[in-house]
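Each protein sequence line maps, in turn, to chains A, B, C, D, E, F and G. Numbering of the first sequence is given in UniProt numbering, commencing with residue 1 and proceeding in unit increments. Numbering of the second sequence is given in UniProt numbering, commencing with residue 1 and proceeding in unit increments. Numbering of the third sequence is given in UniProt numbering, commencing with residue 1 and proceeding in unit increments. Numbering of the fourth sequence is given in UniProt numbering, commencing with residue 1 and proceeding in unit increments. Numbering of the fifth sequence is given in UniProt numbering, commencing with residue 1 and proceeding in unit increments. Numbering of the sixth sequence is given in UniProt numbering, commencing with residue 1 and proceeding in unit increments. Numbering of the seventh sequence is given in UniProt numbering, commencing with residue 1 and proceeding in unit increments.
Honestly, the hints are just simulated from the structure, not real lab data. Honestly, I wouldn't trust all of these hints.
To be verified - Below, simulated DSSO-like cross-link-like pairs (lysine-lysine); rule was C-alpha separation at most 27 Å, straight line:
1. D:K69 to E:K86
2. G:K86 to A:K86
3. C:K2 to B:K53
4. A:K69 to A:K37
5. G:K53 to G:K13
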Amino acid sequence: MKVKPLGERLLIKPIVEEKKTAGGIVLPDAAKEKPMKAQIVEVGKLPEDCPLKVGDKVIFNKYSGTEIKIDEEDYIIIDLNDILAKIEE
Amino acid sequence: MKVKPLGERLLIKPIVEEKKTAGGIVLPDAAKEKPMKAQIVEVGKLPEDCPLKVGDKVIFNKYSGTEIKIDEEDYIIIDLNDILAKIEE
Amino acid sequence: MKVKPLGERLLIKPIVEEKKTAGGIVLPDAAKEKPMKAQIVEVGKLPEDCPLKVGDKVIFNKYSGTEIKIDEEDYIIIDLNDILAKIEE
Amino acid sequence: MKVKPLGERLLIKPIVEEKKTAGGIVLPDAAKEKPMKAQIVEVGKLPEDCPLKVGDKVIFNKYSGTEIKIDEEDYIIIDLNDILAKIEE
Amino acid sequence: MKVKPLGERLLIKPIVEEKKTAGGIVLPDAAKEKPMKAQIVEVGKLPEDCPLKVGDKVIFNKYSGTEIKIDEEDYIIIDLNDILAKIEE
Amino acid sequence: MKVKPLGERLLIKPIVEEKKTAGGIVLPDAAKEKPMKAQIVEVGKLPEDCPLKVGDKVIFNKYSGTEIKIDEEDYIIIDLNDILAKIEE
Amino acid sequence: MKVKPLGERLLIKPIVEEKKTAGGIVLPDAAKEKPMKAQIVEVGKLPEDCPLKVGDKVIFNKYSGTEIKIDEEDYIIIDLNDILAKIEE
Numbered sequence: 001m002k003v004k005p006l007g008e009r010l011l012i013k014p015i016v017e018e019k020k021t022a023g024g025i026v027l028p029d030a031a032k033e034k035p036m037k038a039q040i041v042e043v044g045k046l047p048e049d050c051p052l053k054v055g056d057k058v059i060f061n062k063y064s065g066t067e068i069k070i071d072e073e074d075y076i077i078i079d080l081n082d083i084l085a086k087i088e089e
Numbered sequence: 001m002k003v004k005p006l007g008e009r010l011l012i013k014p015i016v017e018e019k020k021t022a023g024g025i026v027l028p029d030a031a032k033e034k035p036m037k038a039q040i041v042e043v044g045k046l047p048e049d050c051p052l053k054v055g056d057k058v059i060f061n062k063y064s065g066t067e068i069k070i071d072e073e074d075y076i077i078i079d080l081n082d083i084l085a086k087i088e089e
Numbered sequence: 001m002k003v004k005p006l007g008e009r010l011l012i013k014p015i016v017e018e019k020k021t022a023g024g025i026v027l028p029d030a031a032k033e034k035p036m037k038a039q040i041v042e043v044g045k046l047p048e049d050c051p052l053k054v055g056d057k058v059i060f061n062k063y064s065g066t067e068i069k070i071d072e073e074d075y076i077i078i079d080l081n082d083i084l085a086k087i088e089e
Numbered sequence: 001m002k003v004k005p006l007g008e009r010l011l012i013k014p015i016v017e018e019k020k021t022a023g024g025i026v027l028p029d030a031a032k033e034k035p036m037k038a039q040i041v042e043v044g045k046l047p048e049d050c051p052l053k054v055g056d057k058v059i060f061n062k063y064s065g066t067e068i069k070i071d072e073e074d075y076i077i078i079d080l081n082d083i084l085a086k087i088e089e
Numbered sequence: 001m002k003v004k005p006l007g008e009r010l011l012i013k014p015i016v017e018e019k020k021t022a023g024g025i026v027l028p029d030a031a032k033e034k035p036m037k038a039q040i041v042e043v044g045k046l047p048e049d050c051p052l053k054v055g056d057k058v059i060f061n062k063y064s065g066t067e068i069k070i071d072e073e074d075y076i077i078i079d080l081n082d083i084l085a086k087i088e089e
Numbered sequence: 001m002k003v004k005p006l007g008e009r010l011l012i013k014p015i016v017e018e019k020k021t022a023g024g025i026v027l028p029d030a031a032k033e034k035p036m037k038a039q040i041v042e043v044g045k046l047p048e049d050c051p052l053k054v055g056d057k058v059i060f061n062k063y064s065g066t067e068i069k070i071d072e073e074d075y076i077i078i079d080l081n082d083i084l085a086k087i088e089e
Numbered sequence: 001m002k003v004k005p006l007g008e009r010l011l012i013k014p015i016v017e018e019k020k021t022a023g024g025i026v027l028p029d030a031a032k033e034k035p036m037k038a039q040i041v042e043v044g045k046l047p048e049d050c051p052l053k054v055g056d057k058v059i060f061n062k063y064s065g066t067e068i069k070i071d072e073e074d075y076i077i078i079d080l081n082d083i084l085a086k087i088e089e
């Protein structure tokens, strides 16, 4: 199932980072903060001067967007306005 | 009874997916989450560059739109702005 | 008494449908949901490309508009924006 | 004391209708609903295509406007936008 | 101390009217309703077609504006938009 | 440390007036109302026709702006829109 | 990991000042007020006439922006509109 965002929206895959306590114990998902990093999976109709493309990693407003499942995986459909920054490795 | 949406609205038929527990038991409607997938049944006056047409499957904001019954079936009249993405099978 | 809506408003007469329980008992008005269907009785100054005219049946946002009585009958003065769709019999 | 509304406002005199119970008892003012009918007493600077003039009877949004007393009589200064319809006897 | 309002604002001096009970007892200030009448003391930069000038008496929205004391006297700095009407004696 | 406001903002120094009770007792700061008078210390990029300049005394909306300390002194960074009037001695 | 803000946003590093009680005791972080001073680390697409650049120190609205960690250090991604002033040493 391919999901094509409409208008100035993007489909992103949140990056859940392994969190360890000081003692090295990996925190369960629930105890982790909502992820703020994600990878762009699909884009809608973005402005021409927008520097984002499929595959880029971004920082996004973690309280925004609509969570959806595609083939049992978690994704978010989010407005361009809620993408705060691009991560340049 | 044919319902023709006005302005930038669409008439959609929610797609309710069968939900099974891990043990394979089909969940009753009430226990299911509000559907987010739907099929477009009728469109109002959409912008020319809008990629949506009758028959397309979409993902929509499940808390938006107005629920109506037509011949005892559930439909939703929804603003174009609350259609998040198009599903390309 | 003739009531002529001002601006982009319409005067509509709600269509209250008889509701029967499974056992065929007609529900009293109070138990019924607020009607969503109505007939257009009078129009104000609507945009030229608006497809609505006196006599048309419509679906409207049941929480909108202002209820008024004219000669002891119930009517609603409502903004064009709260008319969701036109019913084509 | 003459009161000249400013901008797109009108000075209206609410029409309080005598209300009788089924048994014909005239309801005291307090038991009555807020009036929705009024007569236009004075107008501010209304748009040229506005069909309203002093003396016209109108239906207005009963929760809008500012109540004032002029020579012990009740009036309301109200925005044009809160006048819903014109009554044509 | 002269106070010159900025932008589309006015400096007004509320007119507190003596209120007498039916029995002729003058009500203390506290028991009185907030005044709605005032005289214009100073104006800021008003639109050219605005009919108001220093000395005019007006009716204003009693919940608007900012109360200030100048030489122990009460004044209000208020937006033009909250002046509802002009009083023509 | 010199603070240069950005955009249509000003840096102002509130003028705290000595308040005496009827009996002549100087009120402690806490008992005083928030000051509404201030002097302009620095301006950002104000519109050309704006009559305000460094050194002017003004009346401002006491619930607006952001309080900051510069060298242990209290200042406020405030939007031009929240400056209500200019004081002309 | 390099973070490039999108649109009219900036990446800033809050400046946490050592706070001492009257008796000279350094306050723990928690007891301190949220910082209002910061240094600009990276800028997005700012207007041409904007006087801010990487390295500048600024005063910002401490309740705005999104806190993020980069290599265990605290940063904030903030809208240009929430930068109140530039500090000129």
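Comparing the hints with the structure gives:
no.	hint	verdict
1	D:K69 to E:K86	holds, 14 Å
2	G:K86 to A:K86	holds, 25 Å
3	C:K2 to B:K53	violated, 42 Å
4	A:K69 to A:K37	holds, 18 Å
5	G:K53 to G:K13	holds, 13 Å
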